[in-house]
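For chain A, the structure is supplied; the task is to place chain B with the ligands on it using the hints.
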Amino acid sequence: MKECPKLVELGRRQFLGRGALAAAGAAAVTAVPSGAARAALPAARVDYPTSRLANIKDLKVNEPMPIHYPDMDSPGVLVKLGARVPGGAGPDGDLVAYSTLCPHKGYPLAYDAKDRTLNCPGHFSRFDCEKEGQQVWGHATQNLPMFRLTVDAKGDISAVGADELIYGRTRNVLQG
Amino acid sequence: MTYKRGIDQLPIPPKDARVQNVVCDFCIVGCGYKAISWPIDRQGGARPDQNVFGEDLAQQQGAESASWYSPSMYNVVSQNGKLVHLVIKPDKACEVNGGLSSVRGGRMGETRVSEQTGTMQARLGHPMVWRYSQMMPTSWEDSLALVADVTRRVIEEMGEDGVIVSAFDHGGAAGGYENTWGTGKLYFDAMKVKNIRIHNRPAYNSEVHASRDMGVGELNNCYEDAELADTIFVVGANPLENQTNYFLAHWVPNLRGDTLDKKRQLLAGEAHAAGRIIIVDPRRTVSVNACETVADRNNVLHLAINPGTDLVLLNALLTEVVARGWHAKDFIAQHTKGFDEAATANKVSIDDAASITGLPAADIRKAAQWIAEPKADGKRRRTMMAYEKGLIWGNDNYRTNAAMVNLALATHSIGREGTGCVRLGGHQEGYVRPSDAHVGRPAAYVDQLLIGGQGGVHHIWAVDHFKSTLNAEEFRRVYRRRTNMVKEAMDSVPYGDRAAQLEQIVAAIKRGGLFSVVVDILPTQIGEAAHVWLPAATAGEMNLTSMNGERRLRLTERYMDPPGEAMPDALIAARLGNAMEESFRRAGNETYAAQFKGKFGWKTEEDAFMDGYNQNAEGGRFVTYERLRAMGTNGVHEPVVGFENGRLIGTKRLYTDGKFKTDDGRAKFMKTEWRGLEVAGRAQQKEKYAFLINNGRNNLVWQNAFYDVHTPFVRERMPIAPIEMNPGDMAKLGLAAGDLVEVYNDVGSTQAMVYPTPTAKPGQAFMLFIAPTGQVGNVISKGTNEFMIPNYKNVWANIRRIGHTPGAEGMSFKSIEYPKDL
Ligand code: SF4
Ligand code: FES
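Protein chains in written order, with full-length UniProt numbering: chain A, 1 to 176; chain B, 1 to 822.
By construction, these hints were calculated from the structure, which means they are not laboratory data.
In this text, a Cβ means the ideal position worked out from N, Cα and C, and glycines have one as well.
Wrong hints could be hidden among the right ones.
In silico BS3-like pairs for lysine-lysine, Cα to Cα no more than 30 Å straight-line [claimed, not checked]:
(1) B:Lys782 to B:Lys194
(2) B:Lys337 to B:Lys661
(3) B:Lys192 to B:Lys661
(4) B:Lys686 to B:Lys347
(5) B:Lys820 to A:Lys60
(6) B:Lys820 to A:Lys114
(7) B:Lys732 to B:Lys761
(8) A:Lys114 to B:Lys761
(9) B:Lys92 to B:Lys262
(10) B:Lys347 to B:Lys379
(11) B:Lys732 to A:Lys114
(12) A:Lys60 to A:Lys114
Sample of chain A residues lacking proximity to chain B, with all beta carbon distances greater than 12 Å (derived) [as the list claims (entries may be wrong)]:
(13) Asn55
(14) Lys60
(15) Ala83
(16) Ala153
Stretch by stretch, here's where chain B covers chain A in the computed footprint (C-beta under 8 Å, at least three residues) [claimed, not checked]:
(17) 61 to 68
(18) 111 to 119
(19) 137 to 149
(20) 154 to 165
Next comes chain A alone, as it looks inside the complex (with noise of 0.2 Å):
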């Protein structure tokens, strides 16, 4: 297994977080202040589930497979591009995987192979499935969620983790 070391630097990004994670951690922490530091670091991170979501052998270069992450209420899509791309995982380091849900009002994205791109329907907003989901026009105030993926030693893609807040969830691990 191979991890991309972008994505594992990605993660380590939003471990430490800045202000807004430590905020949402301070409500449970200011009636005990020695404690702060120690407190405010669990509640900054969403422990992820693990899915396995194909295996290599079940994609064909630039044919996006539907999936769901971290639950079934949340689609995306997984696509191997065919060529290394930044945050790509895999043994080329080209397989890439996003939430469908356009992150300004939460339209489904649909991929358009002749440009590699994620389009929205609802107001014409466009993400580019080779740089990280960078929004390359659109009114979506963030990039669009990536999904952190692994690879094992039989090929199998397992979504570990997601990079920004999925549309239409204040967590994106939902709790009841």
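Frame of chain A; chain B with the ligands shown alone:
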């Protein structure tokens, strides 16, 4: 590497969180938002009874959810001295945007100042003055006394013409009725300053003089008219990127046919169909593409006109409409004057127009049909006519504006449902000031005065000429030289010796120096040359009223504290007025001191509102903060005409009775003969240089990027002003995506980042306007029209490679067009 915030959960507002009205800080549309705040040490929960939305947040929310907020909408801020969580999210109940946010307004949360999350830490929190060779923090008393003393000395030496002012005149953040009144009372009442300019142009003038001269105020319809129109005729505007949610929430539904029921209900007794649209723009914008995506292909007509020839097209349309007998004869006879003279003078054949505009004659005829041919049932067509900077800042502003209004009057496209002849607007509006009659017309060309060595003190309110003027290179060069003379003089004596400081400053001014004072929320480029910075509060840090592009008046409530000691501009103006009074009194000039006396006692922005809007605006006497608060984000259309049953009563459309704003109530037609490229030298420039450097805004960047330069999400896509170029042109010049190019002509040079754009016509580039890293103003010559309105648009230059943009490797350069065949 693509920017990710690394946030995967957000705090939840509790059931009793505070909810306040907000109107977006930014564009003319004025979308409704809510500021939701709650104490830092509390949080809500996922269950419906635990959060302010009453929503089960343990479930995935559906599309267009009223209960979702993105990380960019969240922050931690100070509210009355206490830390709170803050969410600023679009308001689904607002008729303007129906819950939509744009990529600009949706970032209000993260563009607030926060010491906790580190956002907008560049905000000015304390007055700063030039001392000991750098900008140093100081008190309000010290800074205002310095400004007042220098201003007094300049007036003593040069009269009030020595005081040069640059000031916003708009609504929204960095404007609003409170602040335009505050600055207006200072400069137009206590003083009579005539060397004053507006934020985006070098003089104090209307951008739509002609429309007003014809008796037609430029914001005369309401947004619902875009839903009711049979045809929308739009010239020189790109509404998807510049009036985003107006376009998405009101134009698109009409083009899709989704407003047919509403049309049948509100306008019974006539034939209805899905809306058609005609877009006049040399460039294929994303607006054109979006229209083609949502409408029947046969209902969209893009007239990709030769740059600068709109006037000819408009005259040809008038000629054709009249030739076909489609004009509104009764309306013209009863409510207008000058029709026959104008129709005769402006006559141009379709073939001549086709050859000048470069448009097929058939398309011009088709446009005339879509605008004015009676409907299938013989009823008069309802056409909404809209224009913005392509016309306003294009060739021959005054006549072209008039030609647009001629066409609207001839077809009775003003004052009926589904019509209107309107500018689309940039900022919101919020103008109430004492009379500006003393400024005169044409007004002084302020930037040329400054370049010419005139004036002794320059007061700058939220304007950054270094980014947003024309002939910008020369302006910067001279401005730096003049202000630097004063800096050196100030450095020659100790700061604490005010008398010696003043003596040095005045002596430097007499040698051609200039003392510069900036009032702003953030450091500016012109501020680098200034001697005093005064920190202003923005919307939400103060209560602020404005109206949008359909004259919808609302109050943004104060939901957080300004940074440090920053204050609303209105109160800064008041304190400066008081300091001036004090300075003149100390100097023994009681007469002049009396000009300020008793005028600036306001303690709050509400005081300024009551003194200004309530006392001076049309219908203002009905309006108070309390009443506006109750009207929420839907507010009321100006002019307000009454207050009944706890609600303000407004005016949805103007001129429904056919009475216009002229002495006799008749709208005036105008003669608008074509005279080619009006600004001297542009026709020669066109012959000499290879590229049209068209320019304007894009979706992502607000105004001159004052917030966006501090926002990684935007900076990543716009590190340098992008320039859209045809790939064939790029190949000829050996350019790759992301290359850094120099744009140069006989006026100056600037830089830009190449963005390959397959839909760009060969020889026609489009560059982001007033960007901090690549000012297109450097290559725009100083020429204006007869009323000092610049032609920013029709500019020609050459392009050459000077390198590659740092960071461009991480950028996507794919087409910005939605693939409509998907
Ligand atoms: S469309 Fe204009 S007013 Fe509305 S959210 Fe965007 S910038 Fe703000
Ligand atoms: S929901 Fe995708 S662009 Fe609006």
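For a quick check of understanding: which of the numbered hints are violated here, in increasing order?
17
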